[in-house]
Amino acid sequence: MEIHGSTVEFRNVKRTFGTVKALNDFSLTIKPGELVTLLGPSGCGKTTALRILAGIDKDHEGVVEIDGKDMSAVPANKRNIGMVFQAYSLFPNMTATENVAYGLRVRGVDSHKREARARELLELVGLNTQGDRRPTQLSGGQQQRVALARALAIEPSVLLLDEPLSALDAQVRAQLREEIRRIQSTIGISTLFVTHDQEEAMAISDRVGVMNKGVLEQIDEPGKLYNKPKTSFVAGFVGLTNYIPAVMETKSSVIVLNQVVDISDHSVDAKKGEEVRALVRPEELQVEKASEGAVVITKSFLGPITRLGIDAGTPELIYAEVTSKEAKKFDTGDNVKISIHSDSVMVEYA
Amino acid sequence: MKRELAWLDRVIFAFAAFFFIAPLIAAAEYSVRGYGNKGHTFANYSWIIHQLGFSAALWTSLRISIITILIVLVLVVPTVVYVHLGGHRYRRLLEIVCLLPIVIPVVSLAIGAQVAMPKNLQSTSYELCFFYVVVALPYVYRSLDIGLQSVALSTLVEASQSLGADWFKTLTMVIIPAIRSSTTGALFITFALSLGEYTLAVLLHFHTFPTWATNISQENIYGSIAISVTTLGGAWILLIFVAFLPRIKSLFARKERVA
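Chains A and B, in that order, are what the protein sequence lines are. Its first residue numbered 1, the first sequence is counted upward by one per residue in our numbering. Its first residue numbered 1, the second sequence is counted upward by one per residue in our numbering.
Hints in this document: simulated from the structure, not taken from any laboratory. Cβ atoms here follow ideal geometry from the backbone N, Cα and C, with glycine treated the same way. Be a bit skeptical, because a hint or two may be false.
As the list claims (entries may be wrong) - Covered, in the sense of this in silico footprint (three residues per stretch, anywhere, with C-beta under 8 Å from a C-beta of chain A), are these stretches of chain B: (1) 165-179; (2) 182-193.
Stated by the list, open to error - With a straight-line cut-off of 27 Å between C-alpha atoms, the simulated BS3-like cross-links for lysine-lysine are: (3) A/LYS251 / A/LYS289; (4) A/LYS289 / A/LYS299; (5) B/LYS119 / A/LYS58; (6) B/LYS38 / A/LYS78; (7) A/LYS58 / A/LYS14; (8) A/LYS113 / B/LYS169; (9) A/LYS224 / A/LYS251; (10) A/LYS328 / A/LYS299; (11) A/LYS251 / A/LYS272.
Start from the sequences, fold in the hints, and give me the full structure.
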């Protein structure tokens, strides 16, 4: 099974609910076959964008196009978009096979063809033996697989995934997200995925767009988004970030933790001597044993790495990550010296 | 604690079952008594069908009941679905409107509303259908309301529409089947009410099954009980048939697939 991926374009889309701007001049292009994730906290507008594309929310300004065709006047049931919802949305009166075949049934496809197609799709999501079961007889993960198969059965031009894994337990969630990615890249369908879980977003997306208060702050490949955040919100939202008090040394360097470090692009334009905050990732910090200075307050084992919470006299603990093997050297209460081993850091006004 | 509750459940269930079933059994037994309490016979049942006007009255009531059910399906079900989906601000109003028939005497309804009926409907038995819809509203609304509250309605509708279904298909293929027990309950109440309603029919001078049964029962008290038992039994058989029809259909479909 292969689907021709479509190009999706949002141009200057605005949506308000009363006085709240849910989407503010939102623009985004999804290339054919690409999986783009919108990531952000609750109420940032990511689901609103998805619902506008689905045609469920129509009270918006701006343009939404699929393959160059304006969707403004096209109702939800004519857009040929497959959607998987956050809540379990299987029709309770139908079996898994009937659910998958539903979209074809409303299109008037004959019963033999739609049953064969439903079987094919259930096999794709690994549920070929569960076709006769009703939603109440399926686990949460199985229900979402059926929902995915149902969305794909109509050969949609775009697939929309509205936090489909959020109601599942951690193990099933990790397994299903990999499966979603496998199926999506196998059939080559353009996909818009919405989540507030950054790990999920980073794991399966071609590009991740971080949203805040209705604005798309940055959209980039996962690695670039993590390593080169363009705003402090993105740096803070994607991964763990230390906000360490610092002083501008020159226009292009800063003194942080008694060390002079260059500042990266997208930093604020601060003057020499001005107090700022340096944004430093835990893995950019090096920790060494010392006889005095900073003190290890917390030690959290995270599998291959261990996170140390260090009191370096700053308002908040500074978190550093070391390999778990190396972490054996440190205990809570130990004195340590921390230094930055990064070419540059991002700074923002204090 | 759980075991105690289970016992309590059974006691309440047994009491409720006795409360409902005992009068029915008594009525059924009474309806097969011979004259002067001499033995048991089905003569009272054969007596019913040999009475003048039986089939005409029954047919009129059945016709009225079926049309009333159709009006409820076409008018009330989509309206209640609408207020659950997007018209939340009208929900309270609709609830009040639907409860009004409980406090409005049937006499006022008969006299007042009849004047408001279209001329070509007045004095035809079909006008009763509209009155029966109004009278059934409190029960129909409550039943549908509970059913719709128990499903994730907006998600189901959005899912159905994203798969290409229009409103009619969404309503008939997803919503109504999803609340099948509530819909069946609402339609059964409507059917039973339309088939057994007496006051409005008498006040408006229509000859329906209940008015015919009342007239005829003055001649034979055992026969009148037989009529009641038959009516109730018929309604129950219909309800069971409607409730189990989808399961029977899916069972046949499954057997066909296996074959």
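**Q.** Earlier hints that do not hold, by number
**A.** 2, 3, 5 and 6
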